[in-house]
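Student: So the protein sequences, as listed, match chains A and B. Just so we're aligned: 39 in this note's numbering is position 39 of the first sequence, and the numbers increase by one with no gaps anywhere. Just so we're aligned: 235 in this note's numbering is position 235 of the second sequence, and the numbers increase by one with no gaps anywhere.
Because the hints were derived from the structure by calculation, they are not lab data. Yeah, the Cβ is synthetic: ideal placement off N, Cα and C, and Gly gets one too. Possibly wrong hints are sitting among the right ones.
To be verified - Where chain B lies over chain A, by a calculated footprint (3+ residues, C-beta under 8 Å):
1) 112 to 121
2) 143 to 151
3) 260 to 266
There are 2 protein chains.
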Amino acid sequence: MIRRVMAADLPTPALLVDEEIFEANIAAASALLRGTAKTLRPHVKTHRTPALARRQLAEAVIGVTCATVGEMEVMADAGITDLLLANEVASTDKVQRIAALARRARVTVAVDDLAQIDALSAAAQAFSVHLDVLVDVDVGLRRCGLTGERQLLEAAAAVERMPALRLAGIMGYEGRLRASLPDRHEKAKSVFRTLAEVCRLLAVAGYGVDVVSGAGTSTLLEAVADPTITEIQAGTYALMEPDLEGLHLPFRCAVAVAATVISRSGCRAVVDAGRKTLGCEYGLPLTIEEGRVAVSISEEHTVFEWPGTPPPLGTIVLLRPSQVRTTFNLHDRAWVVGRDASIREVAVEARGRSQ
Amino acid sequence: MIRRVMAADLPTPALLVDEEIFEANIAAASALLRGTAKTLRPHVKTHRTPALARRQLAEAVIGVTCATVGEMEVMADAGITDLLLANEVASTDKVQRIAALARRARVTVAVDDLAQIDALSAAAQAFSVHLDVLVDVDVGLRRCGLTGERQLLEAAAAVERMPALRLAGIMGYEGRLRASLPDRHEKAKSVFRTLAEVCRLLAVAGYGVDVVSGAGTSTLLEAVADPTITEIQAGTYALMEPDLEGLHLPFRCAVAVAATVISRSGCRAVVDAGRKTLGCEYGLPLTIEEGRVAVSISEEHTVFEWPGTPPPLGTIVLLRPSQVRTTFNLHDRAWVVGRDASIREVAVEARGRSQ
Chain A
1 MIRRVMAADL PTPALLVDEE IFEANIAAAS ALLRGTAKTL RPHVKTHRTP
51 ALARRQLAEA VIGVTCATVG EMEVMADAGI TDLLLANEVA STDKVQRIAA
101 LARRARVTVA VDDLAQIDAL SAAAQAFSVH LDVLVDVDVG LRRCGLTGER
151 QLLEAAAAVE RMPALRLAGI MGYEGRLRAS LPDRHEKAKS VFRTLAEVCR
201 LLAVAGYGVD VVSGAGTSTL LEAVADPTIT EIQAGTYALM EPDLEGLHLP
251 FRCAVAVAAT VISRSGCRAV VDAGRKTLGC EYGLPLTIEE GRVAVSISEE
301 HTVFEWPGTP PPLGTIVLLR PSQVRTTFNL HDRAWVVGRD ASIREVAVEA
351 RGRSQ
Chain B
1 MIRRVMAADL PTPALLVDEE IFEANIAAAS ALLRGTAKTL RPHVKTHRTP
51 ALARRQLAEA VIGVTCATVG EMEVMADAGI TDLLLANEVA STDKVQRIAA
101 LARRARVTVA VDDLAQIDAL SAAAQAFSVH LDVLVDVDVG LRRCGLTGER
151 QLLEAAAAVE RMPALRLAGI MGYEGRLRAS LPDRHEKAKS VFRTLAEVCR
201 LLAVAGYGVD VVSGAGTSTL LEAVADPTIT EIQAGTYALM EPDLEGLHLP
251 FRCAVAVAAT VISRSGCRAV VDAGRKTLGC EYGLPLTIEE GRVAVSISEE
301 HTVFEWPGTP PPLGTIVLLR PSQVRTTFNL HDRAWVVGRD ASIREVAVEA
351 RGRSQ
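Using the sequences and the accompanying hints, generate a full structural model.
Tutor: This is the structure in structure tokens:
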């Protein structure tokens, strides 16, 4: 479908989303969750695009997950009214912006420090709102989150003490568990076991744990089968990345970057997209139609070797970036290519909203 | 200076430029070129920021170098009237946009294919403008550019044939030659030798070569000493990157990204800047004041290990990104911090302008 549409002469590099695949991925995620009591809260860091996020609000989807306050504000502006910040904040201005958001959306925030709890409580009181809080558990990523029993209980107690805060539950994120990771099933189970233990710890101490939020696309199947997880934060599922292939997920890659051949020499073809339009954290881009991996990349160029004769100057080549999240974050707009070969521009409005 | 200013409570992550260092770098570049007949044409891909580009128009600077047509348009809008596109184009729309730019600026374009020459000529005629052309020479980067004598002569002849085009000279870029590259001096010399040979080839065939454009910051000292190069395309010199240290350049790093400590555990401190605000192509960021290298990075987090006790939650940490060009391309604005602790916002207007 995307190939047909390139006749539309979009200036390259152009970020494209295959609508048919995007919708099939959303339907497949809903199907996976059907019959479970679990909900999906798609992580919008994947695309930072409200027009795509709104379409993910499907069956079993209660709201979205955000990584930054800026993302939350953009999603609230787009009419999304249930927001989780799966991240910590420690600046006065951001705490106040979160409280301001709670005037127009249900807002849940992660915490892993008593100072954050104090600041959120003060801001919530000042803004006459209440905030739901998840205690963040370090399940092995060694980034944010608490580990010790004493610390977890202290955090829960601190949240409960604050009249403007409600202890909604816990969260824990493990990072991507690739298909190539030999003990990935054990790792996923160990993550969910840790969360189950924290649930028990808090329950024994008398705290209610309604929400156990976690899991990404790489652990989505395990999370669906797990009895502890109540809410899944996966985001990449809707657009997919080649890096997740091999996990037998019912999702396909929906993203392409169209680039133009601008130079050729011998078997070499150079296209006009590079690191400033393609996220490369999981490897160099490949051509979608030929499955050819780039041999080198710089800021505005990607070089391919083309056995035989490379395509003529001006040819549009469709590239698959290895990392969808950082790719979207480089573009101001994406083009959604419909089943009927229509194209619709969508703004990547939360691009650059890491503040 | 930057440290003092953080009291101003900029939301983090914030991209900062130390004005004193930026100005000293510009003055040092002018000093290097003084007494030579060479000119500097700063590459604006470094920062994509017209307000910074305009300040680089100092002694011995005749105009700017751009990587994309979008960058050229933004720089022309900012009043810069001498633009080199050190890159090839092969789309009708871009060729026309280049010709349109030539109505309000002196425009030079690189070519490495007869089809580009035809297209540029047709567009220049249609817009009643003339374009200066540099024949792009592949000096070893294996990206764009011509190599064979026959091809080079054919390209020169084709440009000369076109009434709306003028053969201004040649260009060749070698990529970054790091201090760690054992044969970097020989590599640089070989690049300049190649360009000198192409000059002779074209001169013998009766073509004038006024401009020999090339060199980046990593070969700036060699280019200044070289008799062939007439115009230097360096850009990074004005802001510098840690990767260029060890080359004994008279430039210092002027860029910082301010981030806030949002989580801490044991000796670990997590700050609120990651791959969506820090270019990491040359390595993980480090803290400027302590010289501490990050242990891991994700989209919105960078993790440091802090021997002893990490700084309290909410502390502002100044990070040095390894790659300035991709860092600027992630930000909509930068803050220029003056000698007097003033801060001035500048728009990274050509960010995202890879089309």
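Student: All hints, please: hold or fail.
Tutor: Verification of the supplied hints:
no. : hint       : verdict
1   : 112 to 121 : holds (count 4)
2   : 143 to 151 : holds (count 5)
3   : 260 to 266 : holds (count 6)
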